[in-house]
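Given only the sequences and the hints, what does the whole structure look like? Please build it.
Protein chains in written order, with the numbering used here: chain A, 1 to 359; chain B, 360 to 594.
Everything labelled a hint here was simulated from the structure, so no lab data went into it. Any given hint could turn out to be false.
To be verified - As a list, the in silico PhoX-like pairs of lysine-lysine whose alpha-carbon atoms are at most 25 Å apart:
1) 127/A - 116/A
2) 116/A - 222/A
3) 572/B - 222/A
4) 219/A - 569/B
5) 463/B - 365/B
6) 116/A - 129/A
7) 219/A - 447/B
8) 219/A - 572/B
9) 569/B - 532/B
10) 507/B - 532/B
11) 572/B - 532/B
12) 518/B - 532/B
13) 219/A - 463/B
14) 170/A - 222/A
15) 569/B - 518/B
16) 222/A - 463/B
17) 507/B - 463/B
18) 219/A - 116/A
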Amino acid sequence: MKKSRTAKLFSFSWRDFAIFVGIMFSSTGLCWLMRMLDNSGEFATLIYVMAVLLISRLTNGFLFGLAASVLGVVFVNFLFTYPYQEFNFTIAGYPLTFLTMLVVSIMTCTLTAQIKQQEKLRLENEKEKMRANLLRSVSHDIRTPLTSIVGATSTILENPDSLSVQEKRKLMEDVRDEAQWLIRVVENLLSITRINGEQTQITTEPEAAEEVLGEAVRKFRKRFPDITVHVGAPDSLLMVNMDPILIEQVLANLLENAVIHGGNTTSVQVSVSQEGNWARFDIQDNGRGIPPNKLNTLFDGTLHHSEDTSGDKKRNMGLGLTVCTSIVHAHGGTMEAANSPEGGAILTFRLPMHEEENI
Amino acid sequence: MTIRDKILIVEDEQSIARFISAILGANGYETLQAQTGTEALSIISSNCPDLVILDLGLPDMDGIEILRDLRSWSSLPVVVVSARSHEKDKVAALDMGADDYLTKPFGTDELLARVRTAIRHTRTVSGNDEVARQGTYTVGDMVIDYNKHQVLINGENAKLTLSEFRIVALLGKFAGKVLTYDYIIRELWGPRAGNDNQILRVNMANIRRKIEKNPAEPQYIFTEVGVGYRMAEGE
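Structure (structure tokens):
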């Protein structure tokens with residue numbers, strides 16, 4: 001344990017070594033240049049202090065920081081203090097120079113290590129929070145429909161005679177709707193397993209954006225036949241690097257959210273367009289929009305329960321949106337939400353594309 | 360009294376086999392059931408069903424094995440039903456000779472549509488009755504004229520290039536059936552064309568701009584994302 005800690009404090013890596021050599025070399029070079037202009041040599045100490053500071057900040061552990069401070073003192077003494085090319089440890093203030101560099105190096109190294117540690121902790125915390133939120137939202141999304149399915153089917157089975165045909169039919173319709181909701185939850189979970197942690201890269205291929213969009217819209221129409229959908233695509237074919245199944249999932253989620261959380265949505269407008277080096281997808285509805293207090297926290301994994309006042313269905317949009325954000329980020333894209341001036345929400349995501357892929 | 364089409368359901372999950380059997384029975388088909396691959400193969404050879412609905416995850420063997428075995432001696436239509444949702448699995452089953460692929464969970468109307476299409480395709484030699492009889496295929500406002508090598512939209516020539524026409528013609532011949540990217544490429548550009556489907560995508564984008572009202576909302580040629588294309592079926 002102790003050994004590994006020491007090893008960490010004095011860890012060696014070629015990257016750090018390169019930084020060390022690079023900075024020492026250039027500061028020495030700078031000193032040479034300066035000496036040609038001004039023979040006093042006083043600047044040398046300052047330049048090396050700066051080099052020590054930079055090296056301590058940019059490398060891991062104490063090794064190179066300390067090495068830089070020792071080497072810095074040696075260089076100042078040997079190269080840039082009279083008599084040149086000779087050691088002279090009797091110069092006044094020399095111990096002070098040495099001490100200054102040492103302290104600068106140790107303090108910077110310690111601070112750097114602390115900052116890095118904190119950053120790591122913060123990231124881990126965030127990931128943990130995301131995961132917990134996701135689990136919570138999934139449990140919620142699954143438990144509610146299951147309750148309704150078990151309840152409705154038991155009611156029918158246990159009361160074969162006392163229920164009217166209409167009542168039975170209504171209950172069965174609920175069962176079907178709830179089961180369909182569960183299917184979508186599972187589809188989202190499957191998408192997450194496809195992204196699969198932070199290391200595994202998703203496999204992308206150039207795909208025609210209009211095809212993926214068209215397919216998502218076709219399925220959406222089947223599910224919500226009463227909603228008018230307007231689809232817009234550019235005149236020229238837009239080929240975008242993506243995992244088409246995942247992007248279809250994003251579009252499906254956003255379209256569904258537009259209806260379920262839009263409240264009174266009757267029409268949705270979906271479009272894809274090119275914006276510089278980005279393919280931009282917009283999903284705009286004519287619902288009541290996103291509450292302003294939620295706009296900022298929409299994509300951070302916080303749970304958002306739909307405050308449907310009429311609401312028998314308090315479905316939360318945590319899972320769907322979390323999945324969308326993860327997928328888009330895994331593609332190197334960005335996602336944002338806004339309310340349109342006419343009312344209704346606009347969800348936008350952008351995927352990076354390369355110039356040569358436009359045909 | 361017409362002779363009813365006989366459908367074999369190969370599925371080890373009782374609840375799923377039961378509902379498929381019920382919905383097919385209610386729509387005028389006669390059904391048989393098998394729970395294992397061996398049982399399925401023996402029923403196929405003894406009962407000669409008109410169609411097989413095949414689940415890929417069976418207790419004794421992989422459904423793909425059954426498909427391979429079956430395809431070595433029969434062209435009996437097979438609709439694969441599977442919980443494997445990755446498009447690679449779909450492509451594998453289709454390339455192995457499955458006529459269609461349904462991912463669990465699927466809707467009953469979807470199941471019936473695929474069954475109808477698959478049975479219809481075996482009734483005619485070329486896969487499409489209308490094409491065989493008249494040399495044309497009509498769906499909505501589109502007519503594919505196989506003799507004149509033209510596609511007409513509302514009676515007007517859509518002016519497809521030769522390779523564009525060949526893609527539409529191929530899809531029309533197997534209307535209602537999904538054709539994988541690789542299959543289309545092999546059929547049109549030969550086995551050595553490779554797996555690069557970019558050229559197909561570009562051609563399809565051009566075709567859609569000529570025949571569809573809105574290329575992002577196709578009415579005639581649908582995309583099966585990650586798998587291939589499917590031509591709409593006429594009435």
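Do the hints match the structure? See the list:
1. About 17 Å separates the Cα atoms of residue 127/A and residue 116/A, which keeps this hinted pair within 25 Å; it holds.
2. Distance restraint check for residue 116/A and residue 222/A: the Cα-Cα separation of roughly 51 Å exceeds the 25 Å cut-off, and the hinted pair is therefore not satisfied.
3. Restraint check for residue 572/B and residue 222/A: the C-alpha separation of about 19 Å stays at or below 25 Å, so the hint holds.
4. Proximity of residue 219/A to residue 569/B is assessed by CA-CA distance (about 23 Å); at most 25 Å being required, the pair is judged to hold.
5. Straight-line distance between C-alpha atoms of residue 463/B and residue 365/B comes to about 22 Å, which keeps the hinted pair within the 25 Å bound.
6. Taking the CA atoms of residue 116/A and residue 129/A, the gap is near 20 Å; set against the 25 Å cutoff, the hint holds.
7. A distance of roughly 20 Å separates the Cα atoms of residue 219/A and residue 447/B; the hinted pair therefore holds under the 25 Å criterion.
8. Of the supplied pair hints, the one linking residue 219/A and residue 572/B holds, its CA atoms being roughly 19 Å apart against a limit of 25 Å.
9. Taking the CA atoms of residue 569/B and residue 532/B, the gap is near 19 Å; set against the 25 Å cutoff, the hint holds.
10. Proximity of residue 507/B to residue 532/B is assessed by CA-CA distance (about 15 Å); at most 25 Å being required, the pair is judged to hold.
11. Distance hint between residue 572/B and residue 532/B is fulfilled; the C-alpha atoms sit about 22 Å from each other, no more than 25 Å.
12. Annotation: proposed proximity of residue 518/B to residue 532/B holds, straight-line Cα distance about 19 Å (limit 25 Å).
13. Distance hint between residue 219/A and residue 463/B is fulfilled; the C-alpha atoms sit about 15 Å from each other, no more than 25 Å.
14. At most 25 Å may separate the alpha-carbon atoms for a hinted pair to count; residue 170/A and residue 222/A meet this at roughly 21 Å.
15. Straight-line distance between C-alpha atoms of residue 569/B and residue 518/B comes to about 8 Å, which keeps the hinted pair within the 25 Å bound.
16. Taking the CA atoms of residue 222/A and residue 463/B, the gap is near 17 Å; set against the 25 Å cutoff, the hint holds.
17. The suggested pairing of residue 507/B with residue 463/B is violated, with an alpha-carbon distance near 42 Å, which exceeds 25 Å.
18. With a C-alpha separation of about 47 Å, the suggested pair residue 219/A and residue 116/A falls outside the 25 Å cut-off, and the hint is violated.
Checked against the numbered hints above, the structure violates hints 2, 17, 18; every other hint is satisfied.
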